[in-house]
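K.L.:
The primary structure of each chain is shown beneath.
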Amino acid sequence: METYDRLPIEPGLQRKHSVSIRRWFRSGDPWIWLSATAVGVSIVAVVGLITLIAWKGLAHFWPADVHTIEYHDEWDEYVLVGEIAQRESISRDLYQEFNPSDTELPPGSVRRWMMKTGNRKVNAPDFRWIDVHLIESKIQDPNMVVFERSEWGNAYGTIVELRESGQTIAVDDLWSELKRRVQRASSLRNTSEKLQKRSIDQINYQLERLRLQQRKRELRGNFETADLNTKQSELIQEYELHEQSLREIDEKLQRDQVVIRIANGSESIIELRDIEHLWRPNSMSFLSKFGHYVSTIWNFLTQDSREANTEGGIFPALFGTILMVILMSVLVTPFGVIAAVYLREYARQGTLVRLIRIAVNNLAGVPSIVYGVFGLGFFVYLIGGTIDDLFFEAAKPAPTFGTPGLIWASLTLALLTVPVVIVSTEEGLTRIPSALREGSLALGATKAETLFKVVMPMASPAMLTGVILAIARAAGEVAPLMLVGVVKLAPSLPIDGNFPFLHLDRKFMHLGFHIYDVGFQSPNVDAVRPLVFATALLLILIIIVLNLTAILLRNRLEARYREALQ
Amino acid sequence: MELPDSDISLNVVNLSLSYADKPALQNITMKIPKQRVTALIGPSGCGKSTLIRCFNRMNDLIDSVSVTGRIELNKLDIHDKNVDVAQLRRQVGMVFQRPNPFPKSIEENVAYGLRLTKEVPKSELESRVEWALKSAALWDEVKDRLKDTALGLSGGQQQRLVIARAIAVQPSVLLLDEPASALDPISTLKIEELIAELKTQYTIAIVTHNMQQAARVSDFTAFLYLGELIEFNNTRTIFTNPRQEKTEDYVSGRYG
Ligand SMILES: Nc1ncnc2c1ncn2[C@@H]1O[C@H](COP(=O)(O)OP(=O)(O)OP(=O)(O)O)[C@@H](O)[C@H]1O
Ligand SMILES: [Mg+2]
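These protein sequences, in sequence, are chains S and X. Under our numbering, the first residue of the first sequence carries the number 1, and numbering increases by one thereafter. Under our numbering, the first residue of the second sequence carries the number 1, and numbering increases by one thereafter.
One thing to keep in mind: the hints can contain errors.
To be verified - Restraint ranges, calculated between C-beta atoms of paired labels, are given here: (1) X:Leu189 with S:Ser42: 55 to 61 angstroms; (2) X:Arg115 with S:Pro433: 56 to 62 angstroms; (3) S:Ile338 with X:Leu189: 56 to 62 angstroms; (4) X:Arg115 with S:Thr430: 23 to 29 angstroms; (5) S:Pro334 with X:Leu189: 31 to 37 angstroms; (6) X:Asp60 with S:Gly48: 57 to 63 angstroms.
To be verified - Coverage of chain S stretches by chain X, computed from C-beta distances (three or more under 8 angstroms per stretch; other residues unrestricted): (7) 438 to 444; (8) 553 to 560.
Calculated from the structure, these hints are not laboratory results. Because the structure is a prediction, the values reported are computed rather than measured. From the three backbone atoms N, C-alpha and C, an ideal C-beta is built for every residue, glycine too.
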């Protein structure tokens, strides 16, 4: 080892340099810088990622201006009406490779816009790339209306006339009249949906239960069905009444139509019953655009999806995700805590316990799809199948619990996350000073009393830390869920007004799977891309919110016990 | 030093204890009299804490400990199979070397032992807490903040709080392991006064390193050295006229 005292005697530049670097290294500064850089990069990456997702996802809901664009290429002239969905620049060389004959190319790189032109029913590809330098004129017609339809996506056009039962209506202010009539149609549609959901589904549910009851009796050798039959016919009568009123509403709904002129100059008819929303972005003020923006986002969060998930909201997936995570936490917490308490407090600390601990730690590293397979084989087929055999004989051959469902998904994820709960609870238990345990025992408390009154409350922050980690892991997990309960489209929510209200056997929707399904399984990639970002953003936000809640809770508890733990 | 049996609270006969293979106590035989203060003195590591932890079977918690010999509390063998350890510890209260209040409110700390059994009805809990805090000379300082956390008390107050906690369940024996080791002179004085007062009702065994303290508060003194009981006698005799040379060396401060 060189000592610094000798430096002045050998003043060679090289040497001085290497020594000062060595000294710098020995001081520890480089490591501080290295970790600071790593932290910085991570923060930038996280913030950047969330910003990108938020930007791409949230911009979609803004009521963009609708442009009427005239442009030409070497063959023809076109008129396009639509929103600018995406802008990009490509290099000149690339452009010329594909368009060798384009002579009007201005200097610089080539700008292109992707236009969302809607009207899918009429002009097939509803997204189209255009080269900006070929545009001849671009205007924003203040009368241009965007129709969000329940099928076939958006329509863009100007109003030509309104029709009631095929007759043209003579009014001056077509726009307000149209809005009023759309309002009427949508409230009629709401009534019809409510009737469908509340009454008819309920009757169906009861009819199904009657059928099961009858089947149950048959299995017991009881063929007495008179009382069931009367109930059944009552229900069917009621059903027919509802059907009748549904038909009446339906007729009313068919009354109105609007005729619009679309980009190519032709006219097109839209049934008012098909219109979800309509707006005139080109004549909206910033404030009304903002109002529209907020309400669109709200609808996105609170409505069912339509058109194979490519339109509408994501409420069922949002609901399913949160419910599943909550159920998972409810299952994993007691299980993990009890296991940890046994391992740490009661089991004799020997080789066996050490082996179990190693096994638990390794469980956390098993690929999640393996848990899915296990869940399907063990929970769904074995346990679920047994439950069906024992309690749901009547429903057979249709499985009740012997098929993927909410409870099995929650259990599978609970199994997947139980190691983290065990590990952090054990850590918390070891941190409790033995002086406090002795203090409790010396007052005549038994071991169990000491555990419940002193040790567990003090270890609760550690338990919560475990649950936080479990939630963080579970909320983002998709692969195992595909095997044990998540579906692309669930017919009903797992909670509803029919007894027993929480239906653990039902299949459910999940944001993570929704992202996969919308992003990679839908034919119209351009249309759904913003939805993928918006859904991803929501999933991230949910995880952040769930985590923050648990972290705040833990910090409050920790503050209470901090002094005692030191 | 002969005492009638009825005046003996703890009777220790031939007690030996070892941690794994390391002997910590050897053949201790002593009688701790009722409603008197017995001081345990001796150099650090001689086994004082180990000995008093035997009296409420606190050493059961340490797996490596093995004990031989007998300890009787009011003539009953405390190692008997039928003895409920929790019950025993309720009779033999203990205050540890370092104050260890629970991270609960002052009131909850004192009521802790009471809530474990149904002996004291809920309605009397409050008055019992007040009584215990008064007995421990802490009431006046904390009566306005009973609901505050006990961790906010000073070290001396915490020590008196754990004493209050121990006497709240009204044990017959109170074991104090250096209760004043971390305290300032005023708090120490308060605790010594407290001991003098408590001895009218309780049998007290106190471990201390402070010779003056032992001389001031105790009626009897036991001197331990390397796990052996060297001498056990009236405090006055131990300090003025010890029979053993080692005792004399120790109490006169020649080593230890
Ligand atoms: N849990 C334990 N495991 C092993 N050895 C122990 C344990 N507790 C105490 N000992 C040993 O037993 C002997 C007596 O310890 P003890 O704590 O009873 O001494 P002490 O007289 O109370 O000392 P001090 O005055 O410093 O508190 C010491 O040698 C100590 O190292
Ligand atoms: Mg000690």
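K.L.:
Run through the hints listed earlier and report the numbers of any the structure violates, in increasing order.
P.N.:
2, 3, 5, 8
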